[in-house]
Amino acid sequence: MMSQIETIVTEVKKAQTTARNQVERALAKAEQITEYHALLSLTAERALQRADDIDLAIARGESVGKLAGVPFVVKDNYLAFGAPTTAASKMLENFDAPLQATVVEKLEAEGAICIGKSNLDAFAHGGSTENSYFGVTHNAIDESRVAGGSSGGSAVVTALDVVPFALGTDTGGSIRQPASFNGVYGIKPTYGTASRYGVVAMASSTDTMGCFAKSAEDVALVMSIMAGRDERDMTTLPDFFDSTVSAQPGRRIGVIKEMLDDGVDRDVVSVTRQYIDRLVAAGHSVTEVSMSIIKYALAMYYVIVPAEISSNLARYDGVRYGHRAENAKTLAELYGRSRSEGFVTENKRRIMVGSYVLSSGFFDAYYLQAQKARTLLIQAYNELFDQYDFLLTPTAPTPAFAIGENANDPVKMYLADAMTVPPSLAGLPAVNVPAGMSSNGLPIGVQIIGPAQSDAVILSLAGQLDQVDGGTR
Amino acid sequence: MTHLTFVVYLILRYNKETMSNITTDDVQYLAQLSSISVDPADVEALRQNLEDIVHYVEQLSELDTSGVEPTYQVTGLSNVWRADEVQTSSVTSEELLALATDEVDHQVRVPQVL
Numbered sequence: 000m001m002s003q004i005e006t007i008v009t010e011v012k013k014a015q016t017t018a019r020n021q022v023e024r025a026l027a028k029a030e031q032i033t034e035y036h037a038l039l040s041l042t043a044e045r046a047l048q049r050a051d052d053i054d055l056a057i058a059r060g061e062s063v064g065k066l067a068g069v070p071f072v073v074k075d076n077y078l079a080f081g082a083p084t085t086a087a088s089k090m091l092e093n094f095d096a097p098l099q100a101t102v103v104e105k106l107e108a109e110g111a112i113c114i115g116k117s118n119l120d121a122f123a124h125g126g127s128t129e130n131s132y133f134g135v136t137h138n139a140i141d142e143s144r145v146a147g148g149s150s151g152g153s154a155v156v157t158a159l160d161v162v163p164f165a166l167g168t169d170t171g172g173s174i175r176q177p178a179s180f181n182g183v184y185g186i187k188p189t190y191g192t193a194s195r196y197g198v199v200a201m202a203s204s205t206d207t208m209g210c211f212a213k214s215a216e217d218v219a220l221v222m223s224i225m226a227g228r229d230e231r232d233m234t235t236l237p238d239f240f241d242s243t244v245s246a247q248p249g250r251r252i253g254v255i256k257e258m259l260d261d262g263v264d265r266d267v268v269s270v271t272r273q274y275i276d277r278l279v280a281a282g283h284s285v286t287e288v289s290m291s292i293i294k295y296a297l298a299m300y301y302v303i304v305p306a307e308i309s310s311n312l313a314r315y316d317g318v319r320y321g322h323r324a325e326n327a328k329t330l331a332e333l334y335g336r337s338r339s340e341g342f343v344t345e346n347k348r349r350i351m352v353g354s355y356v357l358s359s360g361f362f363d364a365y366y367l368q369a370q371k372a373r374t375l376l377i378q379a380y381n382e383l384f385d386q387y388d389f390l391l392t393p394t395a396p397t398p399a400f401a402i403g404e405n406a407n408d409p410v411k412m413y414l415a416d417a418m419t420v421p422p423s424l425a426g427l428p429a430v431n432v433p434a435g436m437s438s439n440g441l442p443i444g445v446q447i448i449g450p451a452q453s454d455a456v457i458l459s460l461a462g463q464l465d466q467v468d469g470g471t472r
Numbered sequence: 000m001t002h003l004t005f006v007v008y009l010i011l012r013y014n015k016e017t018m019s020n021i022t023t024d025d026v027q028y029l030a031q032l033s034s035i036s037v038d039p040a041d042v043e044a045l046r047q048n049l050e051d052i053v054h055y056v057e058q059l060s061e062l063d064t065s066g067v068e069p070t071y072q073v074t075g076l077s078n079v080w081r082a083d084e085v086q087t088s089s090v091t092s093e094e095l096l097a098l099a100t101d102e103v104d105h106q107v108r109v110p111q112v113l
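Residue numbers (numbering that gives the first Met the number 0), protein chains in the order written: chain A, 0 to 472; chain B, 0 to 113.
Since the hints were derived computationally from the structure, they do not count as laboratory data.
Treat the hints with caution; some may be incorrect.
[Said to hold, decoys possible] Covered stretches of chain A (chain B as the covering partner; in silico rule of three or more C-beta atoms under 8 Å from a C-beta of chain B):
(1) 89-97
(2) 334-341
(3) 364-370
It should be emphasised that the depicted structure is a prediction, and the values quoted were computed from it without experimental measurement.
Using N, Cα and C, we set each Cβ at its ideal position, and we do this for glycine too.
Please take these sequences and the hints and turn them into a complete structure.
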């Protein structure tokens with residue numbers, strides 16, 4: 000059976016539909032779901048022009064790419080033409096990117112068509128998309144709840160079938176957690192899989208570029224195009240992503256028991272246990288394993304990531320681009336007021352925590368200690384991967400929470416990331432797999448984690464399971 | 000110093016040594032380090048937030064990391080150089096200057112420095 004994306008590409012190439020039809024359909028659907036506030040802008044004019052170019056090429060018998068005529072959405076921290084790149088901030092509200100992100104260029108070269116840009120927590124700082132300067136995104140299944148974040152808008156447009164895939168960024172869970180909250184697939188690839196060039200930087204040692212889709216197959220197809228070395232991002236790996244790879248039968252899977260303890264929502268635990276049963280029924284062996292250091296991962300993350308944020312966001316000074324405060328008398332006042340006006344509260348918190356943990360007198364106790372603890376975390380993963388092919392945890396400790404529930408308590412909000420940050424700190428690939436529903440009808444996802452560069456095998460494993468029992472959706 | 004206030008002083012001092020409390024002065028100092036002007040009305044809320052975050056991450060001190068090397072990045076790569084060749088860019092200096100709010104004669108204008 001062909002995936003959603005393969006079906007569109009096949010029909011566009013055979014002229015059974017047109018790229019223009021696909022783009023018009025996606026734009027019309029986007030207009031129907033404005034109450035979710037998932038999209039910050041549409042790039043309609045440019046998208047329709049590109050669609051016509053592709054349809055013309057097909058009519059002339061010219062070759063078109065692997066994603067010909069497939070509309071998609073990018074999180075609004077990807078530099079892309081056709082609309083401003085705001086990072087959901089006042090700082091970049093009017094920023095018209097002079098270039099496009101490498102991965103956007105790669106997808107366009109294969110004929111995919113960007114139709115709009117999705118909402119996020121400003122500068123991707125958050126786990127609910129409530130920190131957007133332009134307002135909150137609503138969950139696709141229950142509008143009173145958060146979309147998750149920071150890539151909330153891309154998760155919602157995928158869940159509501161606006162587009163067959165959407166791009167997000169994942170630094171500590173920003174793709175996986177909203178994928179879990181909205182019941183779609185989402186991947187945080189191995190660190191270095193796809194270029195970060197042309198994407199607004201958050202924390203350079205864990206920032207990854209990934210995507211959302213309705214099936215594991217489509218995630219793999221899109222990632223296979225995004226992946227690969229980029230001279231403009233020296234941390235990129237040579238292309239290892241083979242979307243045709245197949246997970247072997249009888250895999251050994253370790254379930255991290257610390258991630259199923261008393262603090263985890265009961266429905267999340269029971270859906271995870273049901274998923275384990277499905278893995279066992281499919282012939283895989285599943286064992287509960289202990290990884291005691293994993294409980295410290297969130298504390299490591301909230302030292303290391305604010306430190307990197309404080310450094311990366313120093314560039315926004317109101318001088319060369321971005322928001323500039325009016326009537327500043329001195330340069331120092333210009334910096335201070337431009338940043339104060341351009342950032343949301345959570346941006347300021349993280350920058351200031353970063354300044355704190357990096358400041359003299361505190362550096363060893365916080366920053367250096369966290370980076371040493373990170374080594375211990377990586378060693379613990381390595382030991383487990385000596386014995387197991389994959390590790391499994393829930394993706395988030397709860398289903399989507401209510402809008403406003405955690406808004407004024409940053410630590411409570413950070414706890415929503417507890418299960419997604421450990422693989423991020425180790426650079427490991429991890430995929431959210433929609434696994435079931437809570438008793439009140441909210442999606443719950445499980446996270447499959449593999450050794451570095453096993454991304455396509457994880458997706459194959461999840462996809463095989465959906466084909467065995469038809470999935471859960 | 001009365002006996003009671005001395006005991007209170009010792010308790011506060013002990014707490015300060017085990018848990019790093021953030022003062023409003025600390026907030027002003029961090030704001031200065033971060034080049035962010037903070038509205039006086041926001042200082043107390045920020046102070047509480049920062050203190051909660053710092054208290055949360057202090058659990059890392061429980062871990063024995065003696066003899067452990069830090070991991071600053073996970074690729075294992077070091078000093079990756081590109082070929083020393085001039086590269087063309089699709090972006091012109093005019094396009095970049097157009098992004099600045101205050102551009103005069105092909106330069107970006109800022110207020111006085113001192």
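Hints, one by one, checked against the model:
1. 89-97: holds (count 3)
2. 334-341: holds (count 5)
3. 364-370: With 6 residues close enough to chain B, the hint holds.
Consistency note: the structure conflicts with none of the earlier hints.
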